[in-house]
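Number of protein chains: 2
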Amino acid sequence: MENLVLISAKEQQIRIEKIKAAMLQQGIEAALISSNASLYYLTGRVYSGFALILAGADAPIYFVKRPVHLLADTAISIRKPEGIPGELQVRGVELPQTVGLELGRLSYNMAERLAKAIGRAPADLSAAMAMARSCKTPFEIEKMRMSGLKQERVYRQVPRMYEPGMSDYELQIEIERTSRLEGCLGQFRVQGEDMELFMGNVLAGDNADAPSPYDFAMGGAGMDPSLPVGANGTPIRPGMSVMVDVNGNYTGYMTDMTRTFSLGSIDERARYAHQVSIDICHALQQMGAPGVEAKALYEKAEQMAAEAGLADYFMGHRQHAGFVGHGVGIEINELPVIAPRSRDILAEGNAIALEPKFVIPGTGAVGIENTYIVTESGMTCITNAPEDLIALDK
Amino acid sequence: MENLVLISAKEQQIRIEKIKAAMLQQGIEAALISSNASLYYLTGRVYSGFALILAGADAPIYFVKRPVHLLADTAISIRKPEGIPGELQVRGVELPQTVGLELGRLSYNMAERLAKAIGRAPADLSAAMAMARSCKTPFEIEKMRMSGLKQERVYRQVPRMYEPGMSDYELQIEIERTSRLEGCLGQFRVQGEDMELFMGNVLAGDNADAPSPYDFAMGGAGMDPSLPVGANGTPIRPGMSVMVDVNGNYTGYMTDMTRTFSLGSIDERARYAHQVSIDICHALQQMGAPGVEAKALYEKAEQMAAEAGLADYFMGHRQHAGFVGHGVGIEINELPVIAPRSRDILAEGNAIALEPKFVIPGTGAVGIENTYIVTESGMTCITNAPEDLIALDK
Numbered sequence: 557m558e559n560l561v562l563i564s565a566k567e568q569q570i571r572i573e574k575i576k577a578a579m580l581q582q583g584i585e586a587a588l589i590s591s592n593a594s595l596y597y598l599t600g601r602v603y604s605g606f607a608l609i610l611a612g613a614d615a616p617i618y619f620v621k622r623p624v625h626l627l628a629d630t631a632i633s634i635r636k637p638e639g640i641p642g643e644l645q646v647r648g649v650e651l652p653q654t655v656g657l658e659l660g661r662l663s664y665n666m667a668e669r670l671a672k673a674i675g676r677a678p679a680d681l682s683a684a685m686a687m688a689r690s691c692k693t694p695f696e697i698e699k700m701r702m703s704g705l706k707q708e709r710v711y712r713q714v715p716r717m718y719e720p721g722m723s724d725y726e727l728q729i730e731i732e733r734t735s736r737l738e739g740c741l742g743q744f745r746v747q748g749e750d751m752e753l754f755m756g757n758v759l760a761g762d763n764a765d766a767p768s769p770y771d772f773a774m775g776g777a778g779m780d781p782s783l784p785v786g787a788n789g790t791p792i793r794p795g796m797s798v799m800v801d802v803n804g805n806y807t808g809y810m811t812d813m814t815r816t817f818s819l820g821s822i823d824e825r826a827r828y829a830h831q832v833s834i835d836i837c838h839a840l841q842q843m844g845a846p847g848v849e850a851k852a853l854y855e856k857a858e859q860m861a862a863e864a865g866l867a868d869y870f871m872g873h874r875q876h877a878g879f880v881g882h883g884v885g886i887e888i889n890e891l892p893v894i895a896p897r898s899r900d901i902l903a904e905g906n907a908i909a910l911e912p913k914f915v916i917p918g919t920g921a922v923g924i925e926n927t928y929i930v931t932e933s934g935m936t937c938i939t940n941a942p943e944d945l946i947a948l949d950k
Numbered sequence: 557m558e559n560l561v562l563i564s565a566k567e568q569q570i571r572i573e574k575i576k577a578a579m580l581q582q583g584i585e586a587a588l589i590s591s592n593a594s595l596y597y598l599t600g601r602v603y604s605g606f607a608l609i610l611a612g613a614d615a616p617i618y619f620v621k622r623p624v625h626l627l628a629d630t631a632i633s634i635r636k637p638e639g640i641p642g643e644l645q646v647r648g649v650e651l652p653q654t655v656g657l658e659l660g661r662l663s664y665n666m667a668e669r670l671a672k673a674i675g676r677a678p679a680d681l682s683a684a685m686a687m688a689r690s691c692k693t694p695f696e697i698e699k700m701r702m703s704g705l706k707q708e709r710v711y712r713q714v715p716r717m718y719e720p721g722m723s724d725y726e727l728q729i730e731i732e733r734t735s736r737l738e739g740c741l742g743q744f745r746v747q748g749e750d751m752e753l754f755m756g757n758v759l760a761g762d763n764a765d766a767p768s769p770y771d772f773a774m775g776g777a778g779m780d781p782s783l784p785v786g787a788n789g790t791p792i793r794p795g796m797s798v799m800v801d802v803n804g805n806y807t808g809y810m811t812d813m814t815r816t817f818s819l820g821s822i823d824e825r826a827r828y829a830h831q832v833s834i835d836i837c838h839a840l841q842q843m844g845a846p847g848v849e850a851k852a853l854y855e856k857a858e859q860m861a862a863e864a865g866l867a868d869y870f871m872g873h874r875q876h877a878g879f880v881g882h883g884v885g886i887e888i889n890e891l892p893v894i895a896p897r898s899r900d901i902l903a904e905g906n907a908i909a910l911e912p913k914f915v916i917p918g919t920g921a922v923g924i925e926n927t928y929i930v931t932e933s934g935m936t937c938i939t940n941a942p943e944d945l946i947a948l949d950k
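Chains as they are written, first to last, in this note's numbering: chain Y, 557 to 950; chain V, 557 to 950.
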């Protein structure tokens with residue numbers, strides 16, 4: 557029998573207060589948490605079951621389906637959600653009227669079943685959880701820094717992984733292997749409907765311009781129509797750029813970093829666009845601070861791209877992505893969203909990936925992406941591999 | 557502009573007829589398909605959007621959000637689900653009263669939004685789609701055979717990947733790399749709530765007995781509490797078994813295969829249990845045919861395990877899995893389910909993974925798993941790597 561909660565009581569208290577503050581703002585009196593990402597946020601571990609946070613109570617109540625050995629004094633064993641009301645009654649706990657469920661994540665069938673089990677109409681907890689998780693605690697930021705350091709170590713080794721004649725796919729496999737040897741957990745957590753991607757994107761040449769089904773910054777045709785995104789087997793040839801944007805989940809918290817590599821002599825406009833991407837990142841980093849509107853960062857990026865004469869290539873060419881950055885943490889797409897119609901306001905503790913990228917036909921994708929922490933005094937970069945275009949053939 | 561549909565008209569017709577037959581059985585007059593797995597089934601590709609099948613019409617109507625280049629004559633471009641009714645009206649298409657949505661997959665919020673957009677109460681399409689997909693077409697079976705051949709090739713190379721001193725995790729990384737070089741797509745499609753697993757399981761020694769959050773045949777503690785399943789860094793030592801059950805998605809269709817490897821001299825009871833697993837597979841293969849009850853296969857497996865004196869170790873030891881096999885195809889958990897309370901009846905075209913496994917404390921997991929196709933005359937194995945316990949140290 558081990559502890560269910562793997563974070564310190566103090567750390568958990570901070571997180572619960574964030575969740576309660578967000579619940580209050582949304583008029584939710586109790587939160588029935590069920591998703592892997594949110595259970596991990598609350599407890600420091602993924603398990604199968606639920607956690608109930610009552611606005612008026614100090615400690616959460618944990619309901620565990622599996623693993624069955626997690627039946628510490630602090631947890632209640634249940635086989636089905638229908639077991640929840642009986643267990644609460646036995647303990648003299650009364651459910652309030654408005655119980656939030658993760659309606660943006662639970663399937664319709666499971667949400668209906670849960671709501672019926674607890675005898676309440678479904679209220680949506682998704683926005684409150686996203687809000688709570690958007691400002692990371694110092695402990696979470698340390699986890700992200702650690703992911704950043706490991707991801708950096710992988711990216712620095714990319715030129716050593718390259719061998720003449722390789723395809724984008726073959727290079728990606730070596731990057732995956734090195735990532736895993738450095739401790740990458742592999743799991744790539746995306747929230748939302750059906751966004752599938754395996755271990756990230758390595759895009760060589762014009763494959764970067766193949767539009768994908770998802771609102772990712774870049775596309776790629778993929779190796780098979782069942783997974784139409786990313787590397788497509790393009791042989792890496794002189795004059796091509798190779799954009800590497802792979803999984804940074806080393807600690808349960810992800811960093812998001814992109815670097816661009818090149819083979820042989822690269823078109824002047826592509827080199828220029830790469831520098832503009834670096835300049836945009838630096839400019840946005842200067843602007844970013846608590847209280848700044850997320851959309852102002854987007855507008856600045858778009859304006860700089862336009863001033864550089866690169867509007868047509870900004871965030872894609874045949875298909876454009878609708879953002880230039882996004883929150884990141886347990887999942888790759890958290891708040892705030894750095895997009896034209898975003899209403900988000902930057903706040904201390906936000907972890908934000910900025911990825912002003914360009915697709916230059918005939919060369920490929922260029923640009924960088926870094927993950928930044930919003931601090932009281934500005935934005936700190938936690939993905940510090942060299943930013944310049946890096947030659948694969950030294 | 558390319559074709560949206562990547563399978564032949566004839567192949568698609570067979571699949572549509574299966575879907576319509578299942579819709580009829582469930583009283584559904586129109587199906588609004590939205591998940592990656594189901595869109596792939598219908599069209600041979602994953603895209604972002606919807607497909608509408610009307611019981612009374614021949615051809616589906618395709619609504620595409622992304623990729624934007626997929627705007628062939630056969631597809632309708634939409635930005636949001638709210639655009640669907642207007643597009644139908646323009647084309648003179650009237651929606652019937654009962655429109656099935658994938659309520660077992662769609663989030664509650666998205667299902668509500670879709671239902672509101674089309675002005676219908678949500679009806680559940682999940683069971684009909686699962687039913688349609690459970691009997692594979694000859695073309696789908698060919699895709700599965702191809703996955704099986706490639707997966708076999710990887711498993712045969714495992715002893716060559718092993719190096720003395722390796723941990724389970726390090727061996728898994730080499731298996732992952734070899735799998736990817738053979739064309740493994742990586743994506744591991746699981747249907748249902750939040751079942752996370754990266755590229756499969758390599759379990760050495762007693763880590764096989766660590767209970768996981770999921771109803772998988774085997775557990776493993778994993779490398780991190782954010783992903784508590786699979787390899788945990790156990791150094792592979794003499795006397796240990798190493799069970800390899802990794803991703804077989806090479807074609808969009810997965811095969812599921814497990815083989816057990818050993819280092820040094822293995823406990824007699826573990827060797828015996830491994831042979832019992834092989835015997836169970838062969839016995840179930842003999843029994844399996846169209847019309848046979850799925851639960852009869854489970855009962856036979858359980859009975860053989862008990863007769864061998866191995867009931868305590870069957871399908872886990874500290875935590876037991878509640879099945880001995882499952883359908884497999886585009887996803888790892890399809891119909892039929894080979895479990896004690898299953899009401900499924902085997903039918904021609906079913907693809908079924910059988911995995912009677914044992915966990916022997918002090919040694920680890922032993923046993924095999926194969927994927928079989930149910931044919932008119934019985935079950936054909938499509939994962940034919942050698943079944944015996946294989947020595948890593950030749």
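Among the hints, erroneous ones may be present.
Where chains are identical, the list cannot tell them apart; a pair therefore holds if satisfied intra-copy or between any two copies.
For lysine-lysine, the following DSS-like pairs were computed, each having C-alpha atoms within a straight-line distance of at most 27 Å [as the list claims (entries may be wrong)]:
hint, residue 1, residue 2
1, 851, 621
2, 851, 566
3, 950, 699
4, 856, 699
5, 636, 576
By construction, these hints were calculated from the structure, which means they are not laboratory data.
Structure-based check of all given hints:
Taking the closest pair of Cα atoms, residue 851 and residue 621 come within 27 Å of each other only across two copies (24 Å); inside a single copy the shortest separation is 42 Å, beyond that limit. Neither within a single protomer nor between protomers do residue 851 and residue 566 lie at most 27 Å apart by alpha-carbon distance, with minima of 34 Å and 49 Å respectively. Taking identical chains as interchangeable, the C-alpha atoms of residue 950 and residue 699 are never at most 27 Å apart, the minima being 33 Å within one chain and 42 Å between chains. In this homomeric assembly, residue 856 and residue 699 never come within 27 Å of each other (Cα to Cα): the closest approach is 30 Å inside a single copy and 49 Å across copies.
Taking the closest pair of Cα atoms, residue 636 and residue 576 come within 27 Å of each other only inside a single copy of the chain (26 Å); across copies the shortest separation is 33 Å, beyond that limit.
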